[in-house]
Every structure is written in structure tokens, then in C-alpha cells.
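Start from the sequences, fold in the hints, and give me the full structure.
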Amino acid sequence: MIQAFAFYLFAAIVIASGVLTIGARNPVHSVLWLILAFFNAAGLFLILGAEFIAMLLVIVYVGAVAVLFLFVVMMLDVDFAELRAGVARYWPFATLLALVLLAEIVFALAAWNAGTIVAPKASPTMQDVSNIELLGRALYTRYVYIFEAAGLVLLVAMIGAIVLTHRQRSDVRPQRVSDQVRRRPEDAVVNMHPGVGQGVEL
Amino acid sequence: MGESLALTLPEIILTVGAIVLMLAAAFAGDRHARTITWAAIGVLALAAAWVPGIATAGGVAFDGLFVADSFAAFAKVLVYIAAAAALVAANGWFGRAGDYRAEYPVLILLSSIGMGMMVSAGDLLTLYVGLELQSLAAYVLASFQRTDNRSAEAGLKYFVLGALASGILLYGVSLLYGFTGSTLFGDVSVALQNDGVSTGELFGIVFVLAGIAFKVSAVPFHMWTPDVYEGAPTPVTAFFASAPKVAAMALLTRVAIEGMGPATFEWRQIVIFMALASTILGGVAAIGQPNIKRLLAYSSINNVGFALIGLAAANREGVSAILFYMAVYVAMTVGSFLIVLRMRDEAGEPVETIASLSGLSRTNKPLAAAMAIFMFSLAGIPPLFGFWPKFLVFDAAVRADLTWLAAVGIVTSAISAFYYLKIVKTMYFDEPAPAYGPTADVPQTILIAAAALFVSPLGYLAIPLIQPLADNAASALF
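Line by line, the protein sequences are chains A and B. Per the working numbering, residue 1 is the first one in the first sequence, and the count goes up by one each step. Per the working numbering, residue 1001 is the first one in the second sequence, and the count goes up by one each step.
Some clues are possibly wrong.
Just a sample of chain A residues kept apart from chain B, beta carbon distances all over 10 Å, derived [what the hints assert, rightly or not]: (1) Val-19; (2) Gly-23; (3) Arg-25; (4) Pro-27; (5) Ser-30; (6) Phe-52; (7) Ala-54; (8) Val-67; (9) Met-75; (10) Trp-112; (11) Ala-114; (12) Asp-128; (13) Ile-146; (14) Ala-150; (15) Gln-198.
Within a straight-line C-alpha distance of at most 20 Å, the following computed SDA-like cross-link-like pairs (lysine to any residue) qualify [said to hold, decoys possible]: (16) Lys-1425(B) <-> Ser-1358(B); (17) Lys-1365(B) <-> Phe-1273(B); (18) Lys-1425(B) <-> Glu-1352(B); (19) Lys-1157(B) <-> Val-87(A); (20) Lys-1422(B) <-> Pro-1382(B); (21) Lys-1365(B) <-> Ala-1435(B); (22) Lys-1422(B) <-> Pro-1290(B); (23) Lys-1157(B) <-> Ala-157(A); (24) Lys-1157(B) <-> Ala-161(A).
What the hints contain is simulated information worked out from the structure, not anything from laboratory work. Cβ coordinates follow ideal geometry from the N, Cα and C atoms, glycine included.
Given below as C-alpha cells:
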């Protein structure tokens, strides 16, 4: 019962936020709706018992990709009014694409009703162990060597990015924390005693 | 786990060394780049010192992902020596323009870890990750002189084409895994043995071979080589032409013999085509080259072709000949590039034209003599040591009933001899060009002298030393 309720809740919100992603006038709002869609899709995966994919969806898509989208949308000067003005020119092509998609959906439904292709599973799945534990076991025992080597590949990528882009600039004034901390009131504050009717002389 | 770690000790030494030196580079800054370079050479020597002991114990680590046998040991020591030579070369070459940075030795070390993984790979995953580690460091090294347009272009070209090759390789790996049910070389081989080579497996084999052929720059996957070799800083080119070539060649040999042994009939056709195409194109295309780095790039393509003839033989003698060939090839090619490093005009600017070598025998006799030795040796003229591995390769081909292949190889060898001899003629018989500026880099001079001695007729004295090692290494695969 609770599963069915959760499924309909998540599914409805995914669809609604998907529609709003396309429909929102403000592109930043679109990205925010997209994030909501990702969250609810993660919920759907949880119901399926694929908790690792659910977490990946939240961590990778929401945490990294969507935030990147936000940055790009905020930084790029995209004129959306200009883009919308093209609708009149593109609608025949867009309709064609929509028809193709519709035909495919109908075809897929027919194929689904005809029954699924039963493929033999490559390896047996263990029911009593969770996905994350299985993946963790494989990564940290059987494949630990490759896992560590992949870490080295990432280290090379990091060093490479720094080597190729970092440069010492002489025309900027960096913050020197020790100088700031060492500065005392005596160095910076002067007590003035201006007489009545006289201005302050600096 | 403890035994597995003990078998990977050279890799662990290199990893710890690379990370420590990177921290040292971050804190000490580029002023100490030369000290860090010598420290990196020390780390490589330390790692190489552990390799033979591990090979005699032998064994498989991490459930077959990593193989420590005498084949891996031979290739690994060779790779470490070549990497150390690239470090020595860089120490004397960079720096005049203040462009030497302490990350260079660190990247070479990380690339060496990748190459060690490649030659010790017992699994398609190890193969891929090792190759990626080596390549990614190489892309950065190619564009190390980032203010130089040619260097940046070389890095970009190498990166884009290398990524494409990695994709092709990965596609082949996934096909092989899908159709054989395993990524371990041994299990793939058993699956190929049991039910013959299916179409899917054949596709996988072709894609894997294509991906690795890109890394050894065998024709028709060689397009990037001349451009990248010309654009990259010369010490980096010397590195590209030596260590990664050895590693990729050893990897290709291991995956072909160990992983796809039952499919020898299928891959032999591909290897024979690549061998012939490489020797012919490497011989013909270099003839009109005015740039010495481009010429040496074609020379490396040519040499890979000869090594592939040994692989086409697919027998113990062939594998032993490949290893012997690569050992001599490293000495010849590193020596030639060290001489290219010496080619600087009076102002210290690098010169890369072959015309500038004119009359070198009158302006700088020892340098001309060394270059002549390397060129004669690359051409495979008998009294020099470069002849012997070529002979071994052809001998292996004849033993595998591929006499026609050996005959064609000898003919193409004669074509490539033309341009090597042309350089010797330019140095000895042409009117002198302006002399090169003076250099006082003692380690480089010692390295040139050592390489020249090794490939001179005196090198034949080393045969009783190298031949048993190469034979022992080859028997590890059969």
C-alpha cells in the first residue's frame, strides 16, 4: 500500500516537474524543476530496490551536473525571447519529431504486450546482500588494484590541469593573511581631538 | 593481499615516489626542478632494482589482474631505463627559456606506473587502465611548453586521437567480455579455444588490436605520429618514441599470445598487414622529410613494423626477437633524439632541419660519428648492432613458415636504409652549415656515448647477456 502511494507520488511529481522544466519561462527555474525531477526519479529507483543508482542520481546528477547547468545558464547570455521567436519556423520539423516519438511509444507498448525477451542472467544475483555492499566488495577486494590505479588516473588529470592552465600572475595583489592578523590598532587608528568649530585635519 | 602487494612493489615504489616528489614540487617550487628530476631518476632505479627479484619468484597478483613474470620484468626494466633517459634529456634541454617545471619528472613517473601496469596486465581491465594512465600523462607532456603553439597543437591532436583510440579499444574489450564471459586473458583464451572464434569475438579482437596499434603507431593508425613528434618538446618526443612504444609493444604481444592465442590464425593476418604497411610507409614517407623530428617519427613507425614481423611469427623465437628488438631500438632512438637535443644555433635556439646537419663531421667530429653510428644501426647495416635484432625477427618469421614475409621485410629495410644513409651523407660530404652552439651537459654526453657504444659492433658482446633474458621472458608466455 505504502509502496503504491509512494510510487504514484514520485511518478506524478517527476512528470509534473518534467513538464515545468520545459514550460518555465525563466531558465534558472527550469534547472530547479529538473533537480526536483532528478530527486523524484531517485525515489522511484529506491522503490525498485536499486538504492545505489538512487544515490548516484542524487550525488552525480543533482550534486554535480545540475549545479553545472545552473552555472552555465547563469553565465551564458542566452536570449530566450529570441529562441522562442523561431517557433513559427521550426514547428513542421518539431511536429515530425513528435510524430516519430509517438509512433515509437505505440510500437513499444505493442511489443511490451507481446511479452518480454527472457535473457539468461550472466551471473546470479544474491537476494540477501544489498547492491552497495556487493559493489563495494567487488571494488575493494577483487578489483582493488584497478580501483587504486583509477585513482592515479584522476591524480594525473588533476596535475595535468594545473600544469597546463596555472600561471603565476604578477599584476594581482593576493591576500596576505599573516599581515592582516599582525596589524595592530596602533598602526591603523589615530585618535583626533578636534576643537569646537574646527574640521578634522588628516 | 600481502603477497599481491609484494609482487607490485615496483609500482608501489613509483607511486609513493611520484606523490612525495609532487608534494616536494609543490612546496619547493620550480627552482628545484632539477633536483627533483634526479630524485625521480633515483626512484626509477630503485623500482627497477626490485623487478628481477620479483620476476624470479614470479606469480599472479590480485586474482590474475597483475602478472609478475620474466616477460613483464624484461619490458619493465627497459621502460624504466627509457623513462630515466627522457628525464636526463629534459634536464639539459628545458630551462633555457625558464620553462622547466617540477611537474615534468612527476608526470614521467606516473606514466611509468601506467607502463608497468600495461606490461604486467593479465586482464583486459588492467590493460585499459594502465594504458589510460600512461596516455593521460603523455597528453599533458606533449603540450608541456604551453606557450609554444606547436606544442599545444601536438597535445590537442594527441589527446583527441588518443581518446578515439581508447574508445575503439574499450569497445573491443566490451565485445570480448560479452562474448567470452570474462576479462581475464586466460579465461578469454579458454573461451576462444572451446567453441572457436565467433563473429562477435572476432570483432572484439579486431577492435582491441586497432586500439593498441594506435598506441604503437602502426600503419594505418599512425597519422598522429609525425605531427605529435614534431610539435612536442624534443625530450618528450624522445620519451614517446622509446618507453611507451616498448610498453605498448609488450602489451600487444601479451594480449595476442596469452589472451587470443587460439585465434592466432585470425589476428596474424591483421598483424602481417600492419607490419608490411608500417615498414613500407615508414620507409617511403620519410624520404622527403626536411625536419629531423618528423623523419625520426617515420623511422619509429618503420621500426615498429619490423617488431610486428616478430609478432606475426607468433612463436617463442618471435617474442624473444621482439624484446631484443625493442631493447636495441630504445638505445638507437634515444641516442638519435639526444643528438637532436644538441642541435642548437649560436643563440641557443633549437634547430630541427636536416640541412643544418651539413658538414657536421668537420664542425663536431664526435657528434657526427655518434649520429652516423645510430643511423647505420637504424638502417640495419651488418657490422652495427642494429642488424642483429632485425636478423632475429626475420629468423623467427622463417621458422614460422613466413619466409615470404621475411623476404618482403628485407626489401623494405633496404628502402628505409636510403634516408638513413642520406643523413650520413649530409653530415660527411656536404658543405658545412653554421656550427651548433656549445653545450656542456655532461650526463647527456655520457648517455650519447653509452648508447653509441651499445649499438656499435661492441654491442655484439652483450648478446650472451641479453639473449638468455629475452628467451626466458618469451618462454613465460608459452
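Going down the list of hints, with the structure as the test:
no. : hint                        : verdict
1   : Val-19                      : 36 Å, holds
2   : Gly-23                      : 37 Å, holds
3   : Arg-25                      : 39 Å, holds
4   : Pro-27                      : 31 Å, holds
5   : Ser-30                      : 31 Å, holds
6   : Phe-52                      : 20 Å, holds
7   : Ala-54                      : 25 Å, holds
8   : Val-67                      : 25 Å, holds
9   : Met-75                      : 24 Å, holds
10  : Trp-112                     : 25 Å, holds
11  : Ala-114                     : 26 Å, holds
12  : Asp-128                     : 24 Å, holds
13  : Ile-146                     : 5 Å, violated
14  : Ala-150                     : 6 Å, violated
15  : Gln-198                     : 55 Å, holds
16  : Lys-1425(B) <-> Ser-1358(B) : 9 Å, holds
17  : Lys-1365(B) <-> Phe-1273(B) : 41 Å, violated
18  : Lys-1425(B) <-> Glu-1352(B) : 17 Å, holds
19  : Lys-1157(B) <-> Val-87(A)   : 39 Å, violated
20  : Lys-1422(B) <-> Pro-1382(B) : 18 Å, holds
21  : Lys-1365(B) <-> Ala-1435(B) : 11 Å, holds
22  : Lys-1422(B) <-> Pro-1290(B) : 11 Å, holds
23  : Lys-1157(B) <-> Ala-157(A)  : 17 Å, holds
24  : Lys-1157(B) <-> Ala-161(A)  : 17 Å, holds
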